[in-house]
Amino acid sequence: MPNYTVLGPCPVQGGVQALADDFRATVRAHRVAVAQACGRCRTANFPPLLACRSCGSYELQWISCGPTGTIGTYVTVHTADATPSMSIPRRLLDRVPYTSIYASPDAVPTIRVAALMVGGQQERLKVGAAVTFDVGADLQLMANLTPEH
Amino acid sequence: MTDRCAVIAGIGEVPLTPPGSGRSPDFMTLQAARAACADAGIEPSDIDGIVKYTYDGSLSCMTLAATLGARELRAQLEVPAGGGSAVGLIDIARTLVLAGRASAVLCFRTLTGAEWLKQMSMADPLRPYYLDGVNYLRSSGWTGYLHLFAALYAEYAARHPMSRDVLFASANLMRANAARNPEALATTPIDRDEYFAESARTVGPFTRFDEYATADLSCAVVVTAGGRTDRPDREVSIVASAQSHGPDPKTWFDLRPTSASYPDSPSSYVARQLYAESGLTPAAIDVATLYDCTSFTYLDLVETYGLCGPGQVAELVADQAFRADGPMPVNPHGGDFAGGYSAGFRHILEATRQLRGEAANQVADAEYALVAAPQIGPTSGAILRRSER
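Respectively, the protein sequence lines represent chains Y and L. For the working numbering, count along the first sequence from 1 and bump the result up by 1. The numbers in the working numbering rise by one with no breaks, and the one at position 193 of the second sequence is 182.
Just chain L, with the same shape it has in the complex (with noise of 0.2 Å):
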């Protein structure tokens, strides 16, 4: 590892919203991009780099470049892992700056509402490997992202203390965070009543409120190497960053149930990794931003992380441990769950504003933040560092 450190230099998005708010992806896009140079004060023709998720329905990297003015665009890359993705981008991001093929690398993520499942499933010429979904699981019932955590859960409720119960409790947790946080979009608690009658009940554990809440949004972060910004006190050091597609890879991500490697997972793989290049342990983190799609998805990471032991996950939510002044904050804003789906990616966002100091509902003095993405198909997680102040 050379001397030099990547940083989250710059974050921007355009308001979130409910779906349905008419609003262009490329134009909000475009915003995002633009606040997040203006965040990191650099110009946007200064953007060399851009990577995105190739699921994302709005502006191509050569396009997003030419409409910056990018003065010469050195590297564009696309994630194709889904929600894995997510800090995905960021770890491609922190490769370029420290290899020194690129100087200021956008990332970003735009989402209108539930569009993304359609661009997911799409036939599409370019990529008929989803079929490997259609062909292999689709008879025997598949319905989608659902069955996956669903089928998580049964692996992990086997063998560990789980239940309805503390899927209940974890929904109105994440809520809780949520309310402190104005952007949020399901703020208000779950009734008991309607989350346990029968008719709410759809996939495994799952009820209708067990699923993230769908927005309309777009976000995007600036990766530099350190000390480039003139406001070095905000920014965020990537101290460590890893993908992995785990210890039995499949063709996709829906064909995860067809693996017998748990609790191995792509994330316990990069967890390992994690903690092995930072030097760290999970006691060191103050607080963790950990992908939401379900009320069940995060606790599994939770212990994938090694946050808690194997099995003391359900203790943690009765004890509302994930709140910003709980002892292990998790997701203080909502997360993607309570606070709008960007498939994990502000999730980065929102552990920048931890370290900075400027989050909606803030962490007291957090210096070192873990963020995840799924554990399914290939993924991604880092953790990050306050800059010394």
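Bound-form chain Y, shown alone (with noise of 0.2 Å):
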């Protein structure tokens, strides 16, 4: 079942981009995990959408995750010297190796989050991984392998 915090009300009426504008600022308030979920049956999403894919409820809310999660998948970026394919987003340039996880909070497991890993954990990445997240001052999600692992 899912064990997840309330943040505040989702608002949907202004489209696709305010809903993303309104995440990037639930994410600067409170600093964690933010997903979605239905006010009304609590079915979980992200990334969010306009109306619960379960129930079809507008009554939408904001959670937090939660501080834990176990990895999905991931995808180490290891060059900078990028194909023609590859676009790497230039604040993360002088930061490769890096790798983008793909994980399912451990509050909410029916849902993947995407955080960023950096350092030398990345060569002990395994899928199945548990993870603690954070969101530091840039308000990137981090995941950091924990110790055990």
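Read the hints as simulated data drawn from the structure, not as lab findings. Where hints are given, some of them may not hold.
Examples of chain Y residues toward chain L, derived with CB under 7 Å [what the hints assert, rightly or not]:
id	residue
1	Gln14
2	Gly15
3	Ala19
4	Ala52
5	Gly73
6	Tyr75
7	His79
8	Ala81
9	Thr84
10	Ile89
11	Tyr99
12	Ser101
13	Ala116
Glycine residues also receive a C-beta, built at the ideal position from the N, C-alpha and C atoms.
Both chains are sitting in their own frames, so use the hints and assemble them into the complex.
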């Protein structure tokens, strides 16, 4: 069962870009891993939608996914020397190698959130590993392997 | 289902070249469309339906119809599913023909190098929804389509035998097939030391050798009712076709790694539909042409479409099973991977050539072909059959 904390209402009437702006504002205000849940049936979703995909309700909420999760899949970027089909975010060019983590929060295991991992811990990465979430001053959601890994 | 049968009546393309040929995508499209009509033995003016990829920067349906001199264009559609559109075009053309809403439907795909990447990711006020990838994935390092297939690789490799050694062998296997196809672009074996050099690594398990060969190309297919052409022996029947967005639909292709549906995917849903409609099992498939933007993409599809059991595809690579004379021919032309990237559309042309017995790297006595688009986003597939001879 989901075991999340409600952060506040998630208005959908403004459309998809307003939803994304509100998502960022919610991350800024709470500095946690944020997802969306239905206020009526409690179904969680990420990335957020304009209506609950389970019951159709417009009464949606922003939720905190809690501090821990499990890696569902991941992608390490090994080079800043991109091929023509790659576009590395400019602000990450000097952080290569870095890894995009897609992790299921333990409090909301039905969804996956996207986080960034850097540093030597990447050599110990595997699907199923436990991570903790952290949001820094730059508002980026970071994932770190828990010590036992 | 009616007794009517839709067939691939004609295929056509312009010579495939490396990128930078300077040829006009508009003019290449027109030439490929005319070649497909000629192959079907119909007049371009007979075309009364056109189905195209949305993300194709050449001619619009109405422009192409006007230029072909179409007497009456009765149906025009765009399919916005990226590589997943490939067989979707044919599925829609078949549906129009079976419904009696069009009698000769032209489908096409034109690419000039990697221009499509720019087209799919540029800001466009008419389709702001692409921003979901930017809004929710970009900050954690999203780099483009390779991310999708690298994420899929990690999910697969956590459960089944798979390694970079398998990818190295897979890439060379496709190049070996391509070497028997005179027009393919990447035909020389990849050197082991170069492949495994740290400097070659890009994203996830991939190296710069694991990406498709880029090309300038245009190819077209004409779908009609069976028995319409003067050469019914060259008609290829569409015995089953399907599209699906799968079990966990997302608002944009790139969001697939946020789904936990593995091993189910849009492709596993299409596979079930194809075998249900055709009444066939995977054992009936004589040759498969599977979407192959990376050295791993098609390997996952081999399993998704039941051509082997879960976790067995690495053994097939080791056994060179995908050669034209192997036990399970896959992409005998070298695929898009080594042949030249067509967003998967040339797989339909290759399957048609195989079933006609006209392929450069011919599979002996092929009766049924499977064609499949990628496992991300809305996708598509078909089972084709040669005509009774």
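Against the structure, the hints come out as follows:
1. Gln14: violated (16 Å)
2. Gly15: violated (13 Å)
3. Ala19: Interface hint status for Y:Ala19: violated (11 Å vs cutoff 7 Å).
4. Ala52: violated (12 Å)
5. Gly73: holds (6 Å)
6. Tyr75: holds (6 Å)
7. His79: holds (4 Å)
8. Ala81: With a minimum Cβ separation of about 11 Å from chain L (threshold 7 Å), the hint on Y:Ala81 is violated.
9. Thr84: holds (5 Å)
10. Ile89: holds (5 Å)
11. Tyr99: Hint on Y:Tyr99: holds, closest Cβ of chain L at ~5 Å, below 7 Å.
12. Ser101: holds (4 Å)
13. Ala116: With a closest approach of 6 Å, the Y:Ala116 hint holds.
Against the hints set out earlier in the document, violations occur for numbers 1, 2, 3, 4 and 8.
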